[in-house]
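Protein chains: 2
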Amino acid sequence: MGKAQTVFSVNRYARVGGGRYGTTLTRVTDQVMTELHRLRDSIDNMDAALVHLLAERFKITQRVGELKAQYGLPPADPAREAQQISRLRELAEEAKLDPEFAEKFLNFIVAEVVRHHQAIAEHHAAS
Amino acid sequence: MGKAQTVFSVNRYARVGGGRYGTTLTRVTDQVMTELHRLRDSIDNMDAALVHLLAERFKITQRVGELKAQYGLPPADPAREAQQISRLRELAEEAKLDPEFAEKFLNFIVAEVVRHHQAIAEHHAAS
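Taken in sequence, the protein lines are chains A and B. For the first sequence, our numbering gives the first residue as 7, with consecutive numbering after it. For the second sequence, our numbering gives the first residue as 7, with consecutive numbering after it.
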């Protein structure tokens, strides 16, 4: 995270002013850059939290995968996944997160989990 | 989350026994189902936490998008993204999460963020 700096950016969206080539130069002040850096620091903190939560989640699904392989349960479970999706969509709406995105997110995670479960089952079969 | 129940599952992976069609029946005990439900409850708790963190993250990137549109900064920022990826891969390794997955995860989130930023920029241009 560098120091706040004053930069000029070509603002293709501004309608004011008569700069050359139909653009204007907007002064991106120290204050703006400081706010951007502050916001990015918060994003970085949240990403660290997300990564650690995901690490814990995969530790648990790893154990689920081992149990499933041991007892011959299928790696994927469509009924359980449907339940998870509907619950996460509700939680997302309450939290003002796009429910479509929440569903895509869960599918993204579950695809990885199923891949792990298949690997565990194959390892189990081979041992 | 249903009550623990005793179920039988066809275990394609078991090498013991001489069940018909080369399979064996494995008794999935109450104890196993109880452990599976306990693990799934933990997964559900983590998913709720993940959704709420993601909601907060998008609130912040929304503000970043507004600032970028206002000052004509580009929606995507490859240098910043490279920094984020390398940091998250390190954090993932410490947390024993597959760094490849952490990178895919960040790309998945950033793609959504850039989509939001483009929408904000277009809205800004049109207003």
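Treat the hints as calculated values from the structure; they're not laboratory data. All figures in this text were calculated on a predicted structure; none of them were measured in a lab. From the three backbone atoms N, C-alpha and C, an ideal C-beta is built for every residue, glycine too. One thing to keep in mind: the hints can contain errors.
[As the list claims (entries may be wrong)] Per the computed footprint, the stretches of chain B lying under chain A, defined by three or more beta-carbons under 8 Å from a beta-carbon of chain A, are:
{"hint": "1", "stretch": "48-62"}
{"hint": "2", "stretch": "111-123"}
[Said to hold, decoys possible] Cβ pair distances, simulated, as ranges:
{"hint": "3", "chain 1": "B", "residue 1": "A55", "chain 2": "A", "residue 2": "R86", "range": "17 to 23 Å"}
{"hint": "4", "chain 1": "B", "residue 1": "A132", "chain 2": "A", "residue 2": "R86", "range": "39 to 45 Å"}
{"hint": "5", "chain 1": "A", "residue 1": "R44", "chain 2": "B", "residue 2": "A85", "range": "26 to 32 Å"}
{"hint": "6", "chain 1": "B", "residue 1": "E100", "chain 2": "A", "residue 2": "F114", "range": "49 to 55 Å"}
Next on the checklist: Against the range 49 to 55 Å, how does the distance between the Cβ atoms of E100 (chain B) and F114 (chain A) compare: consistent or not?
Outcome noted: For E100 (chain B) and F114 (chain A) the Cβ distance comes to about 22 Å; the hint is violated.
Next on the checklist: Holds or violated: the 39 to 45 Å window for the beta-carbon distance between A132 (chain B) and R86 (chain A)?
Outcome noted: Since A132 (chain B) and R86 (chain A) have Cβ atoms about 44 Å apart, the given range 39 to 45 Å holds.
Next on the checklist: If I claimed the Cβ atoms of A55 (chain B) and R86 (chain A) lie 17 to 23 Å apart, would that claim hold in this structure?
Outcome noted: Once the Cβ atoms are compared, 19 Å apart, the range 17 to 23 Å for R86 (chain A) and A55 (chain B) holds.
Item to check | Claimed coverage, the stretch 48-62 of chain B by chain A - three or more beta carbons nearer than 8 Å | outcome: holds (count 14)
Next on the checklist: Within 26 to 32 Å: is that where the Cβ-Cβ distance between R44 (chain A) and A85 (chain B) falls?
Outcome noted: violated (18 Å)
Item to check | Coverage criterion applied to the stretch 111-123 of chain B (partner chain A; beta-carbon cut 8 Å; 3 residues) | outcome: holds (count 4)
Comparing the model with each numbered hint stated earlier shows that hints 5 and 6 do not hold.
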